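Chains as they are written, first to last, in our numbering: chain A, 1 to 209; chain B, 1 to 209.
Accuracy of the hints is not assured; some may be wrong.
One copy or any two copies: either way a pair holds, since identical chains are not told apart in the list.
Stated by the list, open to error - DSS-like, lysine-lysine: derived pairs with alpha carbons at most 25 Å apart: (1) Lys61 <-> Lys171; (2) Lys24 <-> Lys6; (3) Lys14 <-> Lys24; (4) Lys197 <-> Lys47; (5) Lys61 <-> Lys20.
In short, the hints are calculated from the structure, not lab data. Please read all numbers here as calculations on a predicted model, not as lab measurements.
Protein chains: 2
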Amino acid sequence: MSLIEKLNWRYATKKFDATKKLSKEQLDTLLHAIRLAPSSYGLQSYKVLVVENPEIREQLKAAAYGQPQLTDASQVIVFATETNIDEASVHKYVDNIVATRNIDRSMVEGYEQTMVGTVNRLPDEQKIGWSTKQTYIALGVLLTAAAEIGVDACPMEGFEAGKFDEILGLKEKGLAATVIATIGFRAHDDHYSHLAKVRKPAEELFIHI
Amino acid sequence: MSLIEKLNWRYATKKFDATKKLSKEQLDTLLHAIRLAPSSYGLQSYKVLVVENPEIREQLKAAAYGQPQLTDASQVIVFATETNIDEASVHKYVDNIVATRNIDRSMVEGYEQTMVGTVNRLPDEQKIGWSTKQTYIALGVLLTAAAEIGVDACPMEGFEAGKFDEILGLKEKGLAATVIATIGFRAHDDHYSHLAKVRKPAEELFIHI
Numbered sequence: 001m002s003l004i005e006k007l008n009w010r011y012a013t014k015k016f017d018a019t020k021k022l023s024k025e026q027l028d029t030l031l032h033a034i035r036l037a038p039s040s041y042g043l044q045s046y047k048v049l050v051v052e053n054p055e056i057r058e059q060l061k062a063a064a065y066g067q068p069q070l071t072d073a074s075q076v077i078v079f080a081t082e083t084n085i086d087e088a089s090v091h092k093y094v095d096n097i098v099a100t101r102n103i104d105r106s107m108v109e110g111y112e113q114t115m116v117g118t119v120n121r122l123p124d125e126q127k128i129g130w131s132t133k134q135t136y137i138a139l140g141v142l143l144t145a146a147a148e149i150g151v152d153a154c155p156m157e158g159f160e161a162g163k164f165d166e167i168l169g170l171k172e173k174g175l176a177a178t179v180i181a182t183i184g185f186r187a188h189d190d191h192y193s194h195l196a197k198v199r200k201p202a203e204e205l206f207i208h209i
Numbered sequence: 001m002s003l004i005e006k007l008n009w010r011y012a013t014k015k016f017d018a019t020k021k022l023s024k025e026q027l028d029t030l031l032h033a034i035r036l037a038p039s040s041y042g043l044q045s046y047k048v049l050v051v052e053n054p055e056i057r058e059q060l061k062a063a064a065y066g067q068p069q070l071t072d073a074s075q076v077i078v079f080a081t082e083t084n085i086d087e088a089s090v091h092k093y094v095d096n097i098v099a100t101r102n103i104d105r106s107m108v109e110g111y112e113q114t115m116v117g118t119v120n121r122l123p124d125e126q127k128i129g130w131s132t133k134q135t136y137i138a139l140g141v142l143l144t145a146a147a148e149i150g151v152d153a154c155p156m157e158g159f160e161a162g163k164f165d166e167i168l169g170l171k172e173k174g175l176a177a178t179v180i181a182t183i184g185f186r187a188h189d190d191h192y193s194h195l196a197k198v199r200k201p202a203e204e205l206f207i208h209i
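Using the sequences and the hints given, assemble the complete structure.
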């Protein structure tokens, strides 16, 4: 299948086959893709939870209006923004750049100052909003990668974020859940898998200038 | 190349080869991928500008701190959220569902009411924030698709959104620029293309539960 055929094949899976689990290789590929997702400045000011524990997933389901994907999918992926992005976050990231590229810190001093300026300038709410948007890039990468390797997924905003934070102990880790995706394999009788995909016509979506 | 190799191959291209343009097929594939990107409720409450006009691109460059990607890339893709998401937006979307799936409107009445409830409940600022996040999913899909077909891209938040809105006449269309991506082909001498990719180690990025 071409990329476009694969993107047409994917859909927001409503009913997963609870007996089918991702292989270690499939899960590794998707997590690797998430890890390679770009983010503003490259800061990756978020963490990604991979939830398999059945009891925790029952609790998450209750905090997601009982949606069965939470327990029937192979894994629940929870994107969580850091809520305390500060100079220390920047310094840690620059440490990583210096080590990965084996360069002198002076070479990225200007870049570091730019980033420090940004995180010091923005009020907390704006920083969290900014970082939240980055988690949506990672979500887009995950969904495309899943389609690419034939894994089903359901992106979900319909959950009580505060309850997720509580169940997953995110607040004390300086994190807040932003968006989730359940991944696994569609049930053969998922009614939604047979529906035609609805998208704006190209003439309406795109403006050529 | 595997998907992971392709995602490692991609990077935020700083210097494009201004002589190289996407083929019609490559551009069509990327726009098609954007069109297939998922969004909350499937509403796609945004538009996507594909900017090729050289004079307009000079103006956009000036409004993006002079970054050369704006004029040297093959195309500038501007994601723009709708600023007036309302009941009419929902009804139009439901019209599309009914026509695409050839179903009776009564079958999606409940869904329509849910969406109307959401757009009526949220204050404008929250609606725009919500819709802005959806454009970042589309951005993630675009970046992954570009890597998949060997096209370079640079996601960019560093631009003056208000000026972009003015240059592109977005305000009068009920739109506001949220994020952009330049697409094309890397110049052989783009220093950044040879740098090792810096990402958080998996142990730091992921929390397994």
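Exercise. Which hint numbers doesn't this structure obey?
Worked result: none
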